[in-house]
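Engineer: With the hints as constraints, model all of the structure from the sequences given.
In order, the protein sequence lines correspond to chains R and D. According to the working numbering, the first sequence is numbered sequentially starting from 1. According to the working numbering, the second sequence is numbered sequentially starting from 67.
By construction, these hints were calculated from the structure, which means they are not laboratory data. Cβ atoms here follow ideal geometry from the backbone N, Cα and C, with glycine treated the same way.
Which residues of chain D face chain R? A few of them, derived with a C-beta cut under 8 Å, are:
no., residue
1, 82
2, 231
3, 234
4, 242
Listing some non-contacts, in silico: residues in chain R with all C-beta distances to chain D over 10 Å:
no., residue
5, 39
6, 42
7, 43
Restraint-style ranges between C-beta atoms, simulated for each label pair:
no., chain 1, residue 1, chain 2, residue 2, range
8, D, 170, R, 38, 42 to 48 Å
9, R, 4, D, 242, 34 to 40 Å
10, D, 179, R, 5, 29 to 35 Å
11, R, 31, D, 125, 38 to 44 Å
12, D, 246, R, 11, 20 to 26 Å
13, D, 95, R, 44, 18 to 24 Å
14, D, 244, R, 44, 15 to 21 Å
15, R, 43, D, 95, 15 to 21 Å
16, R, 38, D, 184, 40 to 46 Å
17, D, 100, R, 5, 28 to 34 Å
18, D, 92, R, 10, 15 to 21 Å
19, D, 152, R, 7, 29 to 35 Å
20, R, 27, D, 129, 41 to 47 Å
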Amino acid sequence: MGFQAVSTVDRRPFGIAALAPYPVFPPEFVQFLKRVVPPERHDELVWSLVVRATKPAATGGGSHAA
Amino acid sequence: MAYFTVDQARSIIREAYTAASGDAPLVAAALYDPGELAALPSGAVSLALGVGHPVRHADLRPGETVLDVGCGAGIDTLLAARAVGPTGRAIGVDMTPAMVARTREHARQAGLANVDVREGLMESLPLDDASVDVIVSNGVLNLSTRKSRALAEMFRVLRPGGRLSLADLVVTEALPEDVLRSAPALAG
Chain R
1 MGFQAVSTVD
11 RRPFGIAALA
21 PYPVFPPEFV
31 QFLKRVVPPE
41 RHDELVWSLV
51 VRATKPAATG
61 GGSHAA
Chain D
67 MAYFTVDQAR
77 SIIREAYTAA
87 SGDAPLVAAA
97 LYDPGELAAL
107 PSGAVSLALG
117 VGHPVRHADL
127 RPGETVLDVG
137 CGAGIDTLLA
147 ARAVGPTGRA
157 IGVDMTPAMV
167 ARTREHARQA
177 GLANVDVREG
187 LMESLPLDDA
197 SVDVIVSNGV
207 LNLSTRKSRA
217 LAEMFRVLRP
227 GGRLSLADLV
237 VTEALPEDVL
247 RSAPALAG
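Structural biologist: What follows is the structure, given as structure tokens:
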């Protein structure tokens, strides 16, 4: 038994420009991405999701896998 | 295919997040409401490193116990603490000691006494079974080399009927292998 009522409540594209303000991405890495990623993917490199889910009320609360 | 061992990945991530210094709150401005940010310590805002707003979608209620998995500098932990109020509790867990210290300091600056911050791994959460009402997490699960294990741990610590609100990045097409092999891509 695992999570139930799994749903995506927010979904938006995350492009290279959106990654640039993050301090864990040095400027040279952002430039590297622009070089190696095809231009048509620059605006949708990955997707940002917010997913909701619920633990079933009837479980014992132990160590069931997700 | 794994490009990094578990230990290599954790070392890269700890190093990157310890060194992270926010000098412009551009990430926070893109994700949170100005009113939310105005009420938070500037350090928590300028080091917001999430990719969504899981607290907004968590429907938090006064008195609930919330766990923020991978709390970073604490922005979501603090927002959750405010939402559940003084009768509730927000617990932040992070594997990077520098981030644990930052969240503690930001909670102190915000005057939030209902924040509890612990050092720990998402694959081995330092919490009892069925001990929290809600879990939020923001841009953290993707950092794990054992994602199924991390999700199983979230399931374990949630009480029956508890809720999960998780923000993260996903790919819909494979990234170039040069990107997958790069340490900054792993850390982000």
